[in-house]
Every structure is written in structure tokens, then in C-alpha cells.
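Let the sequences and hints guide you as you build the complete structure.
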Amino acid sequence: MPRAQSAEAALRQALPGIVATAGPLAALDQLAEREGISPHRPVHRQAASAMTWGIVTLIFFWMPLIAVPTGILSIVFGSDAVKAIRQQPNRYQGEDRAKTGRLLGIIGLAISSIILLLFIVGIVFRTG
-12 MPRAQSAEAA LRQALPGIVA TAGPLAALDQ LAEREGISPH RPVHRQAASA MTWGIVTLIF
48 FWMPLIAVPT GILSIVFGSD AVKAIRQQPN RYQGEDRAKT GRLLGIIGLA ISSIILLLFI
108 VGIVFRTG
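The opening position of the sequence shown corresponds to residue -12 in the working numbering, with each subsequent residue numbered one higher.
In case anyone wonders, no lab produced these hints; they're calculated from the structure.
Derived CB-CB ranges, DEER-like: (1) T8 / I93: 41 to 49 Å; (2) I102 / A13: 47 to 55 Å; (3) L105 / Q75: 37 to 45 Å; (4) I53 / T114: 27 to 35 Å.
Ideal placement from N, C-alpha and C gives every residue a C-beta, glycine not left out.
See below:
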């Protein structure tokens, strides 16, 4: 109980108006909102998809037939999710997840494209 009381004291100091009117749990919700984490706003569906496809792209970077389409999907889903979240910030969260998925897709796609290019160059210039 002493830890809960010290947390409430810290919340009263940080957000006195909210604690006084709605209580310490409401203050915790407010802090979570400020950090972009809220039980009231779901993660945008395409943000989760971008992260999934980005991870798949990195896992299969050595297989261009898989990495190229999944990389493109992660970039498209990530960009769409970032746009949707910025248009409706009170409805969705997950911009960081969308950006991360998009970045993973870009990295995996770049690595896979280099591998594919080296493979094609090797076939074109092979001797014998």
C-alpha cells in the first residue's frame, strides 16, 4: 500500500486537476495517452500488418521471391497506417509500429534487391 500511496502523490503533483476531479486512475490513463499508449484507442490494423510483413521481409531477405513482395507490402501498409493515424489521432494508435514495420520492409527489400542483382550479374557474366 505505501507504493500505491507514493504513486498517487506523484500523480497529484503531475496532474493535480485530473486526480482531484477524476482520480488517480484517470491520471494514469492521461499519462498513457500522452505516451501514445491507450486502452481506449486500438492499434491501427495496417500498423500491425506493416510490422508483420517487415519482420517476414527481414527473415527471408535471402529469398527475393518472398522478400520483395513482403517488403512492398510492409512499405504500403506502413505508409497507409501512418497517414490514417495522423488523420485520426484520437481514434488510432500505433504510428511507431507502422514506421518500424515500414523501415524493416525497406531494409529487407534493399538487402534482397542487392542479393538478387548480384545473382543476375553472376548469371550474365559467368564464364564457362
